[in-house]
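Residue numbers (the working numbering), protein chains in the order written: chain E, 1261 to 1460; chain A, 1261 to 1460.
Treat the hints as calculated values from the structure; they're not laboratory data.
Nothing here was measured: the structure is a model prediction, and the numbers come from that model.
Honestly, I wouldn't trust all of these hints.
Since the list can't tell identical chains apart, any single copy or any two copies may satisfy a pair.
[What the hints assert, rightly or not] With a straight-line Cα cutoff of 25 Å, these simulated SDA-like cross-link-like pairs (lysine to any residue) come out:
#1 K1427 to R1375
#2 K1293 to A1407
#3 K1426 to S1330
#4 K1289 to E1307
#5 K1426 to E1307
#6 K1426 to P1312
#7 K1289 to E1456
#8 K1426 to Y1322
#9 K1418 to G1320
#10 K1414 to T1457
#11 K1289 to G1302
#12 K1289 to F1323
#13 K1418 to Y1290
#14 K1293 to H1359
2 protein chains.
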Amino acid sequence: MAEPLEFYFDFSSPYGYLASECIDELAAKYGRKVRWRPVLLGVLFRETGAVPLTQAPFKGGYFLRDFERSARFMGIPYAQPANFPIATQNAARAYYWLHDQHHGMARRFAYAAYRAYFVDGRDLSSVDLVLDLAAQQGADRAALAEALAGQPLKDRLKAECEAALKKGVFGSPTVLVDGEIFFGADRLPQVERWLETGGF
Amino acid sequence: MAEPLEFYFDFSSPYGYLASECIDELAAKYGRKVRWRPVLLGVLFRETGAVPLTQAPFKGGYFLRDFERSARFMGIPYAQPANFPIATQNAARAYYWLHDQHHGMARRFAYAAYRAYFVDGRDLSSVDLVLDLAAQQGADRAALAEALAGQPLKDRLKAECEAALKKGVFGSPTVLVDGEIFFGADRLPQVERWLETGGF
């Protein structure tokens, strides 16, 4: 079987959220699975010098409008969170902890976390919300709380961010298909063509 | 009749070139015309602090690859110019001078200029090439050469760049449809939906 796609995203990235709502179905259409890899844009941006879109001089307003318009265009529910962007290390660390125990639980947590933030406007930077969402997927709340406070899980996320940078990932979302890098939710049509044709 | 779309671009912008090969046909499908408006990214970037994509730390290589892949995806001939990006004030000024005399001549010049640079790899920063391309569309070469050396045409391009900034334009290509701003060649599907539905 062909290798899974790799899907890199930050839990505070609107375009990452939009891609997250499509990528599994898109890959499945071509018999492929997807390996989800949350990263921290703050870490990637230290390498690239980039700033969050809405904090960029002059053009922040455009992107706020484009987030919502792109969501409508793609038919995905979206409500711009009042507090944006937020710190997402708790959500990302929780994802990896869940993933090491049960892939499906981690995936369900990721969907729930993105929707909590970008549909329901809940504060995903809060450890309590992260623990609640994980527990709702069947995770052991106390064990996760302990893991989130420990160094190994922090090191794990750091290593994942470094590995992403080594693969050339600099933003969210980024999709790798057999080594080919696609950046942006707006590149999903190219990802689909690539899967369909094996490269173009 | 509905107002024309406005199409802002820099003659050195790969995504601007890709959009230029589609925008007239796209608009015509919905009974609309397009007002082409070359600008200088150098002037816009002074406002926004942006840098040319291929000079951005870490991610320049990705964009070089994406230019060519996006062209193949869109079915448009493209060859990455060795000298990139280039200064495009001569081409942009020539466009406005031609435009004031004959819309159609300016449009044909714009197509020819983009293709000379992004298909044939010719040096569009050269005044001689700009004059040759304009003359090929039927322009008076000597009169254009004189105009390019004068202050009024310089002021004209400066005013066009300032007017673009006032409308919120910060990059190339940007398309305005009845006041709605779309940035990027990858937003053309949204432009089409907007034209089709009157907004979404």
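Treating 25 Å as the Cα threshold, decide for K1289 and G1302: within, between, both or neither.
For K1289 and G1302, the Cα distance exceeds 25 Å both inside one copy (33 Å) and across copies (43 Å).
Intra- versus inter-subunit Cα pairing at 25 Å for K1293 with A1407
Classified as neither: same-chain Cα gap 28 Å, cross-chain 60 Å, threshold 25 Å.
Up to 25 Å between alpha-carbons, please classify K1427 paired with R1375: within, between, both or neither.
neither (28 Å within a copy, 33 Å between copies)
Is it within a copy, between copies, both, or neither that the alpha carbon of K1418 lies no farther than 25 Å from that of G1320?
Classified as between; 24 Å across copies, 28 Å inside a copy.
Between the shortest in-copy and the shortest cross-copy C-alpha distance, which are at most 25 Å for K1289 and E1307: within, between, both, or neither?
Close neither inside one copy (35 Å) nor across copies (44 Å); limit 25 Å.
Between the shortest in-copy and the shortest cross-copy C-alpha distance, which are at most 25 Å for K1293 and H1359: within, between, both, or neither?
Close inside one copy (15 Å), not across copies (53 Å); limit 25 Å.
Give the relationship of K1414 and T1457 under a CA distance limit of 25 Å: within one copy only, between copies only, both, or neither.
neither (39 Å within a copy, 48 Å between copies)
For the identical chains here, do K1426 and S1330 meet the 25 Å Cα criterion within one copy, between copies, both, or neither?
Between copies only: 24 Å across, 29 Å inside.
With 25 Å as the alpha-carbon cut-off, assign the pair K1418 and Y1290 to within, between, both or neither.
Neither: 32 Å inside a chain and 50 Å across chains, both beyond 25 Å.
Intra/inter-copy verdict for K1426 and Y1322 if alpha-carbon distance must be at most 25 Å
between (31 Å within a copy, 13 Å between copies)
Is it within, between, both or neither when you check K1289 against E1456 at 25 Å Cα-Cα?
Close inside one copy (9 Å), not across copies (28 Å); limit 25 Å.
State whether the alpha carbon distance between K1426 and P1312 is at most 25 Å within one copy, between copies, both, or neither.
both (21 Å within a copy, 23 Å between copies)
Hints 1, 2, 4, 10, 11, 12, 13 from the list above are not met by this structure, while the remaining hints are.
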